[in-house]
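Novice: Spelled out, the chains give:
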Amino acid sequence: MPADAAVAAPPVALELDLDVFDGPFDLLVTLILKDEIDIWEVRVSRIIAEYVLKLADSGEFDLDATSQFVVLVAALLEMKSRLLLEEDVEEELEDLDPDEAAERLLERLVRYSQFKNVAGALRRRWDEHSARLYRSVPVPPALLRRPAPAGALPAPALPAALAPLLREPPVPDTSHLADLAVSLVKELRRLRLILGDEGEFTFAAVAPDDRLERAVTFFALLELHSGGEAVLRQKRHLGDIVVTRVARPVQVAAAAV
Amino acid sequence: MHALARRLEALLFISSRPLPPPEMAAACGCSTGEVDEALAVLRVEYTAERRGVTLRDVAGGVTFAVADDCAEDVRRLTGAERPDDLTPALLETLAVVAYLQPVTRAEAAEVRGVSSEWALSSLEQRGLVEQQGRADTPGAPILYGTGARFLKLFGLRSLQELPPLEEFSLQAAEVDEIRARLLANAERRRA
Chain Y
1 MPADAAVAAP PVALELDLDV FDGPFDLLVT LILKDEIDIW EVRVSRIIAE
51 YVLKLADSGE FDLDATSQFV VLVAALLEMK SRLLLEEDVE EELEDLDPDE
101 AAERLLERLV RYSQFKNVAG ALRRRWDEHS ARLYRSVPVP PALLRRPAPA
151 GALPAPALPA ALAPLLREPP VPDTSHLADL AVSLVKELRR LRLILGDEGE
201 FTFAAVAPDD RLERAVTFFA LLELHSGGEA VLRQKRHLGD IVVTRVARPV
251 QVAAAAV
Chain D
1 MHALARRLEA LLFISSRPLP PPEMAAACGC STGEVDEALA VLRVEYTAER
51 RGVTLRDVAG GVTFAVADDC AEDVRRLTGA ERPDDLTPAL LETLAVVAYL
101 QPVTRAEAAE VRGVSSEWAL SSLEQRGLVE QQGRADTPGA PILYGTGARF
151 LKLFGLRSLQ ELPPLEEFSL QAAEVDEIRA RLLANAERRR A
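Line by line, the protein sequences are chains Y and D. Each residue of the first sequence is one higher than the one before, counting from 1 in this note's numbering. Each residue of the second sequence is one higher than the one before, counting from 1 in this note's numbering.
Isolated chain Y, as found in the complex:
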């Protein structure tokens, strides 16, 4: 548990000056664990930035303290990401007026009690049937675990038995494994050609079927985007990505190359 780690390990010396908190990092972690500070309010990226600055300033690198810091920050991020997932439910119940909350709770209780009753019925069936013995085929005696035969072996037998285990096994032949057939450079070239010809295309239209190849195509899109060659747009969440060429003088592009 992250909480235990925080207690057991040496403290991380870092003074923070955040919107919601001013003081040492350890105190912040303790307060969050005790629910005295809402982790929502804490920008973990700020903490990391301050720590990196402090590292850069001090010029010393304490591996133990830094590891401890990474562990604590990871724990904070985990807590925060959990909150992201639970937010809907929690907020909903908080916002409900007590009557409505009672109705919701009732709904859940009614549903749960169905299964509680089923469990009772299953219990009765279990008591009646679980002891029954059906026709089965036992494991053949030859396959049963049997005690090793007693016997004495001469001492040299041990090294003789171990020696083959210590020898390096031959390196497996991997010549039949083909290298990855996709390359980012090639994919970029392909997408640039399409972009040049059509001016606009969608991810779905150009993406190959293979998962890995699709990933490379997507990566190439990001390259186009970050290089300012194309604009990526998505009409809705999880929708298709529309890629549009950024209009700029051909001469400039050529000069840059």
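Treat the hints as calculated values from the structure; they're not laboratory data. Errors might be hidden in some of the hints.
To be verified - In silico EDC-like pairs for lysine to aspartate or glutamate, Cα to Cα no more than 20 Å straight-line:
hint	chain 1	residue 1	chain 2	residue 2
1	Y	Lys116	D	Glu166
2	Y	Lys186	Y	Glu198
3	Y	Lys116	D	Glu177
4	Y	Lys116	D	Glu174
With the hints as your guide, set chain D onto chain Y.
Specialist: Relative to chain Y, chain D alone:
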């Protein structure tokens, strides 16, 4: 004895799993109707009062089982033990899986209102619940369901034999009572 009944007896004797009648029909080259008829003859032959072995319909087929009053002798001979008892938490989780399958861990936890991680893995270890692939939802969570061992241990022919879930609903009066209590609570919270 009925000729076909004798042949079915041979199949059931040699099979280590419950045999579905169509499978027996295919093996004997006859119709399922004829198999059902011959099985009826066999069932009379193997009533528990007459034999130490009986015929049982379980887990999708017909199989030989030890007559209940002889089970203890068999256990002493073979050393086979009764399966470990199920705790209320395990039975509850099993009930959720049996009725809602295929079901994810999160769905089971939602119904029960508590994490069902331990219960599910314990049921899985006992062979009462098994993994049945992954859901086509974000994160591709594992889907759980029940298998043949569940049917056998609960003496069920198939999942269809489980009574409908509605039969286990609370009585209207019980629901009203819980509602009244919850609303009284809500009133107190407002005050």
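Novice: If a hint holds in the structure, say so; if it doesn't, say that too.
Specialist: Right, here's what the structure says about each hint:
1. Straight-line distance between C-alpha atoms of Lys116(Y) and Glu166(D) comes to about 13 Å, which keeps the hinted pair within the 20 Å bound.
2. Using a Cα cut-off of 20 Å, the hinted pair Lys186(Y) and Glu198(Y) holds, with the two alpha carbons roughly 18 Å apart.
3. A hinted pair counts as satisfied when its Cα atoms are at most 20 Å apart, and Lys116(Y) with Glu177(D) qualifies at roughly 18 Å.
4. Distance check on the hinted pair: Lys116(Y) and Glu174(D) sit about 14 Å apart at the alpha-carbon level, within 20 Å; holds.
When each numbered hint is compared with the structure, no violation occurs for any of them.
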